[in-house]
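Asker: Chains as they are written, first to last, in our numbering: chain A, 1 to 408; chain B, 1001 to 1299.
In case anyone wonders, no lab produced these hints; they're calculated from the structure.
Treat the hints with caution; some may be incorrect.
If the Cβ cut is set under 7 Å, some of the chain B residues that face chain A in the computed set are [what the hints assert, rightly or not]:
hint: 1; residue: E1004
hint: 2; residue: P1011
hint: 3; residue: E1012
hint: 4; residue: A1201
hint: 5; residue: Y1202
For lysine to any residue, the following SDA-like pairs were computed, each having C-alpha atoms within a straight-line distance of at most 25 Å [what the hints assert, rightly or not]:
hint: 6; chain 1: B; residue 1: K1023; chain 2: A; residue 2: K244
hint: 7; chain 1: A; residue 1: K103; chain 2: B; residue 2: L1210
hint: 8; chain 1: B; residue 1: K1193; chain 2: A; residue 2: K322
hint: 9; chain 1: B; residue 1: K1193; chain 2: A; residue 2: E348
hint: 10; chain 1: B; residue 1: K1193; chain 2: A; residue 2: K58
hint: 11; chain 1: B; residue 1: K1193; chain 2: A; residue 2: S68
hint: 12; chain 1: B; residue 1: K1193; chain 2: A; residue 2: S73
hint: 13; chain 1: B; residue 1: K1193; chain 2: A; residue 2: D231
hint: 14; chain 1: B; residue 1: K1056; chain 2: B; residue 2: K1246
hint: 15; chain 1: A; residue 1: K112; chain 2: A; residue 2: S25
hint: 16; chain 1: A; residue 1: K31; chain 2: A; residue 2: G69
hint: 17; chain 1: A; residue 1: K143; chain 2: B; residue 2: L1215
hint: 18; chain 1: A; residue 1: K112; chain 2: B; residue 2: W1207
hint: 19; chain 1: A; residue 1: K58; chain 2: A; residue 2: K322
hint: 20; chain 1: B; residue 1: K1193; chain 2: A; residue 2: E267
hint: 21; chain 1: B; residue 1: K1193; chain 2: A; residue 2: D22
hint: 22; chain 1: B; residue 1: K1193; chain 2: A; residue 2: L105
hint: 23; chain 1: A; residue 1: K244; chain 2: A; residue 2: H220
hint: 24; chain 1: A; residue 1: K143; chain 2: B; residue 2: T1289
hint: 25; chain 1: B; residue 1: K1193; chain 2: A; residue 2: D263
hint: 26; chain 1: A; residue 1: K322; chain 2: A; residue 2: E348
hint: 27; chain 1: B; residue 1: K1193; chain 2: A; residue 2: T127
hint: 28; chain 1: B; residue 1: K1023; chain 2: B; residue 2: S1005
hint: 29; chain 1: A; residue 1: K336; chain 2: A; residue 2: E361
Coverage of chain A stretches by chain B, computed from C-beta distances (three or more under 8 Å per stretch; other residues unrestricted) [unchecked claim]:
hint: 30; segment: 250-262
hint: 31; segment: 298-304
The beta-carbon is built from N, C-alpha and C at its ideal position, and this holds for glycine as well.
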Amino acid sequence: MPEQLNEALIQVRGLFKVFGNDPASILPKVKEGLSKDNILAATGHTVGLNNINLDIHKGEIFVIMGLSGSGKSTLIRHFNRLIEPTDGRITVEGTDVVSLNTKELEQFRRHKMSMVFQHFGLMPHRTVIENVAYGLMVQGVEKAARTEKAREWLDSVGLAGYEAQYPSQLSGGQQQRVGLARALCTDADILLMDEAFSALDPLIRSEMQDQLIALQERLHKTIIFITHDLDEALRIGDTIAILKDGELSQVGRPVDILLHPADAYVEAFVRDVNRARVLTADVVMQPPACRLTTENLNEALKQMRGEGKDYGYVFDGDDDYKGIITRELIEDEIDKPGINAGLIELAEETPTVQPDTSLEEILPTSLEQPYPVPVVCEDGDFRGVVSRKTMVSVLAGADNGDGKTAAG
Amino acid sequence: MTTESWLTKFPEMERASLVAIRKGLDNAYRDFSRSWGESIEAVFDPLLMFLVWLEKLLLTSPWWLVLAAIVALVYGASRSWRLSLGVVVAFLLIGYFGMWENTMRTMSIITVCTLLSIALGVPIGIAMARSDRARSVITPILDIMQTMPAFVYLIPVVMLLGIGKVPGVIAVVIYAIPPVIRLTNLGIRLVDKEVLEAAAAYGATPWQRLAGVQLPLAMPTIMAGINQTIMMALSMVVIASMIGVKGLGQPVLKSITNQYFTMGLFNGLAIVALAITFDRVSQAYARRTQRHLKGGNDA
């Protein structure tokens, strides 16, 4: 989860990009709100980006999502000024990127940001290790030092032993690992990833996504990730910005995008998403219906009757979750002769799920037992329960799911 | 009644004024060459010295030493025994048929012309690739250089510098340089945009991008241009011999005027042998240095 600082690491304010012979003259028209199509028809200029405002926080994976032609690749190239903005401001850690001169920009690109490309952008005439070390070579780092560092990063993306190969001898997935290692090798805090996994086949893609998430847990970079694949965005993004025709449609957490699409465009996108895979227990869970903290059977029975439930969740004195108990079980125990067992002893240990478990994985557990599935952290902390009813309504669609999930 | 109007006859310029223009231009150029000829010649002195030195070196060294050096170069560039053996056979035949000296002269001038074409052509090609304006200026000049009959630009060159090696080299270079310029431009423009972007994104300076990415990636195309330049330079040998460049061209010229069929054929074949040698060696060299582009597991 991102650290939410007050000041965003990267701030984009009023960013405009117009392509054509005389972009500056067209800018007022864009600001007036003339449509992209009208401007193209009247002036032959293409509006690439229209009033983009973004806050990207340190340590988060910020996904910019859009279809082809939406301007997402144009946008990401503004962060390191591979494309010059027509108007607007981009601030990175307080530095105004747009005002940097050539030398300052080179230094900025060398140390602050690195980039991973859709078609890898590897240099075919350099070996894998030379490619990984490229950023350091440009900086003028000595050969022995940069090779050693490159070897470490090559190792951490799982390509040790490929040092002397040329990129063309590697598979697509391996080439992109080289691209990733090259980006990490400069120790830049910010990683720009332009459709980095889009050219890979689905299996390799999800493997790379896992690897990226694993690396991110270790490195805490700030990653700006471009994709046209909403599933990918939802899977790796901490924040998602949806871009359409050069304008932002919505910026928010994956869950917000999924459950509260801002407009018809986003909604159309979200419709085909496999919610069961994206939504996790902590998003849809609710407080348990009947929470039993007493050891006394009669008291528990009374509480159950009071709340009109046939079952309850049992906790010990430390508020640790112990299991589920049914009314029937308590009544049988009371009817038994002799000394009754305690509530905790009687409680039935049922399968639990963790807060980050996806609904897809909860589904089988939930079908096996008649009661809402408890959500318990690794450290034993009880968070809530997921009932079948909640799951059905959330998976069925946003319209009837909204009310319930708001509680989560 | 003969009524001549612009409808029946093309409205030509007055004969007198045409003559005046011709005279004016001719005189102006003659004056220019008289007053500047020597200083311009002086500019080319180092080139002439190098030419003479190379020719002397090839002619005075023992033939087997020269042949050994050529074969060493061929093998070093191509790493092919078959090609090296072919070159040995070709040069032995050339020597046996009495064309060794002329072949050495031609080789020295072709070598100089090629080096000069590369030294001038590659930077011009780079300039063309970097700026569309430069390209729009240079392209028509290249068109003129390639289509203007060589004899036409031989006239002012000879007027300025007289007859001899240097004007020969200039004529050959004018004719042979366009391919290396065009293909350098093309090669650089064809470099994968994403790779170039990657270099820029990691903070490479324009020089680092040119030397580290653009030129190496454009090299196969540039090599094709160099190869074409060598071929065209060789094809100019006969024309260059008309302005006093010694070598295989002169016997060919002599055979044309005297209808010596066999002599023409032999010397022509010697030129072909030289051309094939240059071509195969430069191509084999290019292939060998670009092997990584092919893929496979032959590292």
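Asker: Compare the structure with each hint and give your call.
Answerer: Against the structure, the hints come out as follows:
1. E1004: violated (51 Å)
2. P1011: violated (41 Å)
3. E1012: This interface hint is violated because 44 Å lies over the 7 Å limit.
4. A1201: With a minimum Cβ separation of about 4 Å from chain A (threshold 7 Å), the hint on A1201 (chain B) holds.
5. Y1202: holds (4 Å)
6. B:K1023 - A:K244: Violated - the C-alpha atoms of K244 (chain A) and K1023 (chain B) are around 70 Å apart, more than 25 Å.
7. A:K103 - B:L1210: Given that 25 Å is the threshold and the Cα spacing comes to 17 Å, the pair holds.
8. B:K1193 - A:K322: violated (61 Å)
9. B:K1193 - A:E348: Status violated; Cα separation ~64 Å.
10. B:K1193 - A:K58: violated (30 Å)
11. B:K1193 - A:S68: holds (18 Å)
12. B:K1193 - A:S73: At roughly 14 Å apart (the allowed maximum being 25 Å), S73 (chain A) and K1193 (chain B) satisfy the hint.
13. B:K1193 - A:D231: Violated. K1193 (chain B) to D231 (chain A) sits at ~29 Å, over the 25 Å cutoff.
14. B:K1056 - B:K1246: Distance ~13 Å between K1056 (chain B) and K1246 (chain B) Cα, so the pair holds.
15. A:K112 - A:S25: Distance of about 33 Å is beyond 25 Å: violated.
16. A:K31 - A:G69: holds (20 Å)
17. A:K143 - B:L1215: holds (22 Å)
18. A:K112 - B:W1207: holds (21 Å)
19. A:K58 - A:K322: Distance ~39 Å between K58 (chain A) and K322 (chain A) Cα, so the pair is violated.
20. B:K1193 - A:E267: Violated - the C-alpha atoms of E267 (chain A) and K1193 (chain B) are around 35 Å apart, more than 25 Å.
21. B:K1193 - A:D22: Given pair K1193 (chain B), D22 (chain A) holds - Cα atoms ~24 Å apart, limit 25 Å.
22. B:K1193 - A:L105: holds (20 Å)
23. A:K244 - A:H220: Not OK: K244 (chain A) and H220 (chain A) at ~29 Å, beyond 25 Å, violated.
24. A:K143 - B:T1289: This hinted pair holds, its Cα atoms lying about 22 Å apart.
25. B:K1193 - A:D263: With a Cα-Cα distance of about 36 Å, the restraint between K1193 (chain B) and D263 (chain A) is violated, given a limit of 25 Å.
26. A:K322 - A:E348: Answer holds: K322 (chain A) to E348 (chain A) is near 8 Å, not above 25 Å.
27. B:K1193 - A:T127: holds (19 Å)
28. B:K1023 - B:S1005: violated (29 Å)
29. A:K336 - A:E361: This hinted pair is violated, its Cα atoms lying about 39 Å apart.
30. 250-262: Coverage by chain B is violated for the segment 250-262 of chain A (0 residues, Cβ < 8 Å).
31. 298-304: violated (count 0)
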